[in-house]
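Protein chains: 2
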Amino acid sequence: VTSEFALIARYFARPAPSGMLGPGDDCALLSVPDGHELAVATDMLLEGRHFLPDIDPADLAYKALAVNLSDLAAMGAQPLGCLLALGLEMVDPDWLQRFSDSLHALAGESGCPLLGGDTTRSLQGRVICVTVLGQVPRGRALRRDAAHPGDDIWITGVLGAPDIALRMLQGRLARDEAVLAATRPLLERPEPPLAFAPQLCGLAHAALDISDGLLQDLGHILKASACGAVLRYPHLPEHPALATLEPALRRQAVLAGGDVYQLCFTAPAAHRERLAGLAGDAGVRLSRVGHIVAEPGLTVLDADDRPMTLSARGFDHFP
Amino acid sequence: VTSEFALIARYFARPAPSGMLGPGDDCALLSVPDGHELAVATDMLLEGRHFLPDIDPADLAYKALAVNLSDLAAMGAQPLGCLLALGLEMVDPDWLQRFSDSLHALAGESGCPLLGGDTTRSLQGRVICVTVLGQVPRGRALRRDAAHPGDDIWITGVLGAPDIALRMLQGRLARDEAVLAATRPLLERPEPPLAFAPQLCGLAHAALDISDGLLQDLGHILKASACGAVLRYPHLPEHPALATLEPALRRQAVLAGGDVYQLCFTAPAAHRERLAGLAGDAGVRLSRVGHIVAEPGLTVLDADDRPMTLSARGFDHFP
Chain A
306 VTSEFALIAR YFARPAPSGM LGPGDDCALL SVPDGHELAV ATDMLLEGRH
356 FLPDIDPADL AYKALAVNLS DLAAMGAQPL GCLLALGLEM VDPDWLQRFS
406 DSLHALAGES GCPLLGGDTT RSLQGRVICV TVLGQVPRGR ALRRDAAHPG
456 DDIWITGVLG APDIALRMLQ GRLARDEAVL AATRPLLERP EPPLAFAPQL
506 CGLAHAALDI SDGLLQDLGH ILKASACGAV LRYPHLPEHP ALATLEPALR
556 RQAVLAGGDV YQLCFTAPAA HRERLAGLAG DAGVRLSRVG HIVAEPGLTV
606 LDADDRPMTL SARGFDHFP
Chain B
306 VTSEFALIAR YFARPAPSGM LGPGDDCALL SVPDGHELAV ATDMLLEGRH
356 FLPDIDPADL AYKALAVNLS DLAAMGAQPL GCLLALGLEM VDPDWLQRFS
406 DSLHALAGES GCPLLGGDTT RSLQGRVICV TVLGQVPRGR ALRRDAAHPG
456 DDIWITGVLG APDIALRMLQ GRLARDEAVL AATRPLLERP EPPLAFAPQL
506 CGLAHAALDI SDGLLQDLGH ILKASACGAV LRYPHLPEHP ALATLEPALR
556 RQAVLAGGDV YQLCFTAPAA HRERLAGLAG DAGVRLSRVG HIVAEPGLTV
606 LDADDRPMTL SARGFDHFP
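Chains as they are written, first to last, in this note's numbering: chain A, 306 to 624; chain B, 306 to 624.
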């Protein structure tokens, strides 16, 4: 690989799907079907901050795209394509091959082809910025400000595993190989419910993806929708590998653990059966964990219906 | 400013134009008018590589957006909106105020509102990644692969100034304050022909923006279009401040100097008058500098119609 252009041609340029213009021009070109809106999001991963230098490049590429696909899912949008801006200290063919193979694999599985981007030399570690583009029926996007009092609160997947894995990998929690083996895949290879999410348009009211921790993220829905919520702690879908850990740590991981990339959404009680059926068909675990109330505030009830005292408020990039 | 969310609210969130959803949800939402395609591009700027730590944050924000707007112009697309992914080592209110004011100013002037993005803490200098979204009439985008033999080759604006300014600022060329004062604004505040470019759809064939140097960038058109070109050096629009410099340096700056962010495009000779009229109306300097030929290869003719010997091939991020 002798130049930026050769690098792009070798590792990243792929024939674009029919009707699209992929890498190699000033812009990528694509169409949004009539009656649909474009949904777009971007997410940046920095070496040393979001990943360590020795991370498996296949895991890194997977996660860089998956966290963005999670943002599309959280709006109920279907992927159209993605862009990759990549800063590298050097051209490492093995690393680039593994990285690009993994990116193209997830892009292919999720119907989100790589359409363009930017490559540049970095003086200070790898920098990865993925932008995703998706389509959603006009007016049907799952926004944060659409929760109604009386809505059920639902969660896809399970909670707590990525937080526990990260604590062990960072040495903040004593390493338990069995627990780590069970939780680490959810940290490194999150699987947002991409096929299920677009089916929520027209059924769900508000939605978002759990990236900073359930309490903080649900708090965004409550603030944007000017309402409150009651959660039932025993109904929260804790990852089974957490069962052997200290109760306080488990609560912290379940309520405030980030990197989950599953959905939290609200929907009228009338849609309970329909939602359960769709989730079953899609192979998505779906848990009804509480409900929206008119009064502001977030209450978590324990098994005896008593409010729990909360100290964990999730993750903030600039605390 | 106490959190990522407060930072976004204070400096970056602005009411989105009617019909769009701006910052604050998982994705931004916008519409592409019927009969149009979406054009999208992304560009990353890294501290130490693309800018120095002490750069005026207003200039930095301007350039981060302007270079992306230039990519839209190069496709003949009109801006719809942009996303900003921003990595910062710390929260510096003065810096953020100047940066965001400048970004919003150019976004407002160019009809490209900031619709979303990502903010994160960086451990290793500032990282800026802007993604722009634009619209272009379906099938009318100015692609690199559309040049025809016989087309005129046109350039907007002037050449050479950013390269000379950068050389002086980096100490690679003896500093001449008069020359620097005249050339530096074109390096720090490039003005791509945003209003003129969409009018080229239907008139021009191929186009791109000059970012890596005329010879290298025109070479992309020739390769993609499987043709060649003849340029007439005396017709190339050299910035007047270069007149006092060494001839070899002037040629290098004009032919291979990057960071220009003006358009190079091809168009049938039948459109000469029309193009000149549109450029005049838009206040854009337009120079006819050569023509496309069927035989591959790029020839630059001097004032006596003799081929010049070329050594400068422009800029490559991974030489």
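Since the hints were derived computationally from the structure, they do not count as laboratory data. None of the values given here were measured: they were computed from a predicted structure. Built from N, CA and C at the ideal position, the CB exists for glycine as well. Be a bit skeptical, because a hint or two may be false.
[Claimed, not checked] 25 Å max Cα-Cα, derived SDA-like pairs, lysine to any residue: (1) K528/B to D607/A; (2) K528/A to R593/A; (3) K528/A to A314/B; (4) K528/A to R426/A; (5) K528/B to T424/B; (6) K528/A to S308/B; (7) K528/A to P601/B; (8) K528/A to R403/B; (9) K528/A to D607/B; (10) K528/B to P601/B; (11) K528/A to P328/B; (12) K528/A to K528/B; (13) K528/A to D450/B; (14) K528/B to S592/A; (15) K528/A to T424/B; (16) K528/A to L401/A; (17) K528/A to A599/A; (18) K528/B to A599/A; (19) K528/A to R611/A; (20) K528/B to G327/A; (21) K528/A to D450/A; (22) K528/A to T425/A; (23) K528/B to D450/B; (24) K528/B to T425/B; (25) K528/A to T424/A; (26) K528/A to A451/B; (27) K528/A to S415/B; (28) K528/B to H453/A; (29) K528/B to M613/A; (30) K528/B to T614/A; (31) K528/A to G585/A; (32) K528/B to A486/A.
[Claimed, not checked] Among chain B residues calculated to face chain A with C-beta under 8 Å, some are: (33) R445; (34) R489; (35) A500.
Right, here's what the structure says about each hint:
1. Proposed proximity of K528/B and D607/A is contradicted: the alpha carbons are some 67 Å apart, above 25 Å.
2. Of the supplied pair hints, the one linking K528/A and R593/A holds, its CA atoms being roughly 21 Å apart against a limit of 25 Å.
3. As the CA atoms of K528/A and A314/B are separated by approximately 13 Å, the hinted pair is consistent with the 25 Å bound.
4. Of the supplied pair hints, the one linking K528/A and R426/A is violated, its CA atoms being roughly 41 Å apart against a limit of 25 Å.
5. A hinted pair counts as satisfied when its Cα atoms are at most 25 Å apart, and K528/B with T424/B does not qualify at roughly 38 Å.
6. Using a Cα cut-off of 25 Å, the hinted pair K528/A and S308/B holds, with the two alpha carbons roughly 16 Å apart.
7. Between K528/A and P601/B, the direct Cα distance comes to roughly 61 Å. Violation of the 25 Å bound is thereby established for this hinted pair.
8. Note on K528/A and R403/B: the hinted pairing is violated, with a Cα-Cα distance of about 29 Å set against a maximum of 25 Å.
9. Note on K528/A and D607/B: the hinted pairing is violated, with a Cα-Cα distance of about 67 Å set against a maximum of 25 Å.
10. Note on K528/B and P601/B: the hinted pairing holds, with a Cα-Cα distance of about 8 Å set against a maximum of 25 Å.
11. With a CA separation close to 15 Å, the supplied pair K528/A and P328/B stays within the 25 Å bound.
12. With a C-alpha separation of about 53 Å, the suggested pairing of K528/A with K528/B is violated against the 25 Å cut-off.
13. Note on K528/A and D450/B: the hinted pairing is violated, with a Cα-Cα distance of about 49 Å set against a maximum of 25 Å.
14. Using a Cα cut-off of 25 Å, the hinted pair K528/B and S592/A is violated, with the two alpha carbons roughly 55 Å apart.
15. For the given pair, K528/A sits about 20 Å from T424/B by alpha-carbon distance, which is consistent with the 25 Å threshold.
16. For the suggested pair K528/A and L401/A, the alpha carbons sit about 42 Å apart, so the restraint of at most 25 Å is broken.
17. Proximity of K528/A to A599/A is assessed by CA-CA distance (about 12 Å); at most 25 Å being required, the pair is judged to hold.
18. Proposed proximity of K528/B and A599/A is contradicted: the alpha carbons are some 63 Å apart, above 25 Å.
19. Annotation: proposed proximity of K528/A to R611/A holds, straight-line Cα distance about 24 Å (limit 25 Å).
20. For a cut-off of 25 Å, the pair hint linking K528/B to G327/A stands: about 16 Å separates their Cα positions.
21. Between K528/A and D450/A, the direct Cα distance comes to roughly 8 Å. Compliance with the 25 Å bound is thereby established for this hinted pair.
22. This hinted pair does not check out: K528/A and T425/A have alpha carbons roughly 39 Å apart, beyond 25 Å.
23. In summary, the hint linking K528/B to D450/B is supported, as the alpha carbons are separated by about 8 Å, within the 25 Å threshold.
24. Under the criterion of a C-alpha separation no larger than 25 Å, the hint pairing K528/B with T425/B is inconsistent with the structure, at around 39 Å.
25. Straight-line distance between C-alpha atoms of K528/A and T424/A comes to about 38 Å, which puts the hinted pair past the 25 Å bound.
26. A C-alpha spacing of about 51 Å is found between K528/A and A451/B, which places the hinted pair above 25 Å, so the restraint is violated.
27. Note on K528/A and S415/B: the hinted pairing is violated, with a Cα-Cα distance of about 32 Å set against a maximum of 25 Å.
28. Proposed proximity of K528/B and H453/A is contradicted: the alpha carbons are some 57 Å apart, above 25 Å.
29. Distance restraint check for K528/B and M613/A: the Cα-Cα separation of roughly 66 Å exceeds the 25 Å cut-off, and the hinted pair is therefore not satisfied.
30. Annotation: proposed proximity of K528/B to T614/A is violated, straight-line Cα distance about 66 Å (limit 25 Å).
31. Distance hint between K528/A and G585/A is unfulfilled; the C-alpha atoms sit about 31 Å from each other, more than 25 Å.
32. Taking the CA atoms of K528/B and A486/A, the gap is near 50 Å; set against the 25 Å cutoff, the hint is violated.
33. A distance limit of 8 Å between C-beta atoms decides the matter here; for R445/B the minimum to chain A is near 10 Å, and the interface restraint is violated.
34. Of the supplied interface hints, the one on R489/B is violated, with its beta-carbon coming no nearer than about 23 Å to a beta-carbon of chain A, more than 8 Å.
35. This hint is violated: A500/B has a C-beta 17 Å from the nearest C-beta of chain A, more than the 8 Å allowed.
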